[in-house]
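*Asks:* Each chain, written out:
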Amino acid sequence: MTNLRQSTVREKADSTKQMALAIGSAKPPRRSALRMMLPTLTPWLVVGLVLIVGITLFGVLGPLFVMDPTTIRDIGLRGPSSEHILGTTQTGQDVFAQLAYATRGSLEIGLIVGVLATIFSALFGILGTYIGGFADETFSLISNVFLVIPGLPLVIVISGFVPPAARGLWTIAVVLAITSWAGAARVLRAQTLSIRSRDYVAASRVAGERAWRVIAVEILPNLLPVLASQFVFAVIAAILGEAGLSFLGLGASNSSTLGTMLFYAQNGFALPLGAWWWFVPPGLIIALFGMGLSLVNFSIDEIINPKLKNVRLHRKRARAVARRLRAGKDDR
Amino acid sequence: MTSIHVENLVKDFSVRKGIVRRKFRAVDNVSFDLLPGRTIALVGESGSGKSTIARILARLDSPTSGTIAATLDDGATVPNRLYRRHVQMVFQDPFASLNPFHSIEHHIARPLSIHRVTKGSAATASRVLEMLDRVNLEPPEEFAQRRPHELSGGQRQRVAIARALAPGAGVVIADEPVSMLDVSIRLGVLNLLGRLQREDNLAVLYITHDLATARHFSDEILVLYKGRVVERGPSDDVILDPHHDYTRLLALAAPDPEKLGKVVSSEAAPDRSTLDNTVCFNHFTGEWEESEARVPA
Chain Y
1 MTNLRQSTVR
11 EKADSTKQMA
21 LAIGSAKPPR
31 RSALRMMLPT
41 LTPWLVVGLV
51 LIVGITLFGV
61 LGPLFVMDPT
71 TIRDIGLRGP
81 SSEHILGTTQ
91 TGQDVFAQLA
101 YATRGSLEIG
111 LIVGVLATIF
121 SALFGILGTY
131 IGGFADETFS
141 LISNVFLVIP
151 GLPLVIVISG
161 FVPPAARGLW
171 TIAVVLAITS
181 WAGAARVLRA
191 QTLSIRSRDY
201 VAASRVAGER
211 AWRVIAVEIL
221 PNLLPVLASQ
231 FVFAVIAAIL
241 GEAGLSFLGL
251 GASNSSTLGT
261 MLFYAQNGFA
271 LPLGAWWWFV
281 PPGLIIALFG
291 MGLSLVNFSI
301 DEIINPKLKN
311 VRLHRKRARA
321 VARRLRAGKD
331 DR
Chain C
333 MTSIHVENLV
343 KDFSVRKGIV
353 RRKFRAVDNV
363 SFDLLPGRTI
373 ALVGESGSGK
383 STIARILARL
393 DSPTSGTIAA
403 TLDDGATVPN
413 RLYRRHVQMV
423 FQDPFASLNP
433 FHSIEHHIAR
443 PLSIHRVTKG
453 SAATASRVLE
463 MLDRVNLEPP
473 EEFAQRRPHE
483 LSGGQRQRVA
493 IARALAPGAG
503 VVIADEPVSM
513 LDVSIRLGVL
523 NLLGRLQRED
533 NLAVLYITHD
543 LATARHFSDE
553 ILVLYKGRVV
563 ERGPSDDVIL
573 DPHHDYTRLL
583 ALAAPDPEKL
593 GKVVSSEAAP
603 DRSTLDNTVC
613 FNHFTGEWEE
623 SEARVPA
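For the protein sequence lines, the chains are Y and C, in the order given. Just so we're aligned, residue 1 is where the first sequence starts under the working numbering, counting upward by one. Just so we're aligned, residue 333 is where the second sequence starts under the working numbering, counting upward by one.
Don't read these hints as lab results, they were simulated from the structure. A portion of the hints provided could be inaccurate.
Said to hold, decoys possible - No more than 20 Å apart at the CA atoms, straight line, and that leaves these computed lysine to aspartate or glutamate pairs for DMTMM-like:
{"#": "1", "chain 1": "C", "residue 1": "LYS355", "chain 2": "C", "residue 2": "ASP365"}
{"#": "2", "chain 1": "C", "residue 1": "LYS558", "chain 2": "C", "residue 2": "ASP405"}
{"#": "3", "chain 1": "C", "residue 1": "LYS558", "chain 2": "C", "residue 2": "ASP532"}
{"#": "4", "chain 1": "C", "residue 1": "LYS349", "chain 2": "Y", "residue 2": "GLU137"}
{"#": "5", "chain 1": "C", "residue 1": "LYS451", "chain 2": "Y", "residue 2": "GLU108"}
{"#": "6", "chain 1": "C", "residue 1": "LYS355", "chain 2": "C", "residue 2": "ASP406"}
Said to hold, decoys possible - Now the stretches of chain Y that chain C is said to cover, found in silico as 3 or more residues with beta-carbon under 8 Å:
{"#": "7", "segment": "203-214"}
{"#": "8", "segment": "218-230"}
The C-beta atom is built at its ideal place from N, Cα and C for all residues, glycine as well.
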């Protein structure tokens, strides 16, 4: 009897052990580090993502389906019709076709500048700060100098200086990137200063990690939300900056962007003629894309500063309480 | 096993006040030997230079003067590039010493692969589980996949200890390893450290401001005051028979359960303003020693 009980107890212990082993070997789903950094899905984020994805798809796929935007027809300035969804320009070119190509051009500029500016700011903001001492002083001096350089006037001067024949997409992108990385570098420097003095960085140095690994594996992941936010911001700034330049006629030559569209609309007296279909669509796309990126940026801000998330949760809770109170009053 | 000989350690920090730069001596002429299987406790208040000594030994800071020599059993000096493999550190704050981005496995696997203790990812993974098992984190498979924020302070500190021991270190510097932990789990972590020390014959430098755990845990105590050693000796002697006024002051600062309800009278306590850190009582010789101030280099 006792023997039997003992054996059942042992069996039970064995089975729990096996269960534990099974759980162990089944490997619990690995909680990915990146997943932790993703923003919570709020209505704002959804709206922002829909805008960005929609406009990006339009820019990427649109040009494949529309007619040639440069074809000149002798129909002149016409309003939207079934043949030309967004009407035609003064020279009879299809506005919708132009819009698709222009969106693609603006997105290209935004992406190139966003990547370049983020790389510059990471280089100057993180690397020098981690090394410290003289390197930090030098890198921070350089970014401070670039910070006080007035962006748009410099861009205008440089763009005006480069002959139009050599003024390609990349020239404009590099010029915009050079004038827009400094602010981000300063923010990164402050963050890196804080992270580099944390114990886990010291611990990885004690463990014998090499400097580049400490930066890339221990420090950089903790800066990802900041970098993402800065990338998004750089893209907005680049698209707006390029539109401004092109509107002034200083943009990339023989490329089509939303800014050049506005430039031609302005030159073609679209506004006095009341040809809204010519200048409203490109303006709207710039505004909506900027809005989408900003909405995404707000969500990224919540990861950088979790307090903001709490504010939202508190507000939600407060609203729920208020609703319940109101419902209670109605009952009575 | 590894031992460390510290001789005449001096560390100056330069303090900038406006445009005037001035030197501040954080550690002054400190010497001791860390031997396998033995624990030395560094005791002192905040700012007495304990953590600076820890950071210098862990090579996070460089000393202004003095020598630190790590030697093996046969008397051979540990070469510089192997130093980190032999000397490891456990940090004070377990909430700051683990990277929130990485899993527990990463923290223990990195020292293993840096020092090529294990070859191949499968061997490393199984050694990680072994280490987690040694520090009583059960089940290790589950803990390995977790991230620091899912662990309690005590569990994190166990991970930090596992990380320190992973490369097979012979010397462990424990910088107030339990001061940030809940009182109820301090003893558990200290006992774990003690067990691992016996198993691996480790040399431990235990840094604390708590005289009680210093006595419980260490063989020898060095009392630091303003960067200098003011009293040294076997732990029981230093605690039960303190000679230097500063040691008495430290002992009085700890609440005594037998005098419950009584305020420590300020008259009985030695006067802080007359504390002298130029003399040191050595319990080994039973004599007062002059701690000569070294001429700044």
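*Asks:* Verify the proposed pairing of C:LYS349 with Y:GLU137, using a straight-line Cα cut of 20 Å.
*Replies:* Distance of about 19 Å is within 20 Å: holds.
*Asks:* Is C:LYS355 close enough to C:ASP365, meaning Cα to Cα at most 20 Å?
*Replies:* Since the Cα atoms of C:LYS355 and C:ASP365 sit roughly 27 Å apart, the hinted pair is violated (cutoff 20 Å).
*Asks:* Verify the proposed pairing of C:LYS451 with Y:GLU108, using a straight-line Cα cut of 20 Å.
*Replies:* The given pair, whose Cα atoms are some 46 Å apart, is violated under the 20 Å limit.
*Asks:* Just to be careful, I want the Cα atoms of C:LYS355 and C:ASP406 compared with a cutoff of 20 Å; is the pair within it?
*Replies:* 40 Å, violated
*Asks:* Examine the segment 203-214 of chain Y for residues whose CB is less than 8 Å from any CB of chain C, and state whether their number is three or more.
*Replies:* holds (count 7)
*Asks:* Given the proposed pairing of C:LYS558 with C:ASP532, does the C-alpha separation stay at or below 20 Å?
*Replies:* 34 Å, violated
*Asks:* Quick one, are C:LYS558 and C:ASP405 close enough, alpha carbons at most 20 Å?
*Replies:* 34 Å, violated
*Asks:* Three residues or more, CB to CB closer than 8 Å: is that satisfied between the segment 218-230 of chain Y and chain C?
*Replies:* holds (count 3)
Figure legend: structure checked against the earlier numbered hints; hints not met, in rising order: 1, 2, 3, 5, 6.
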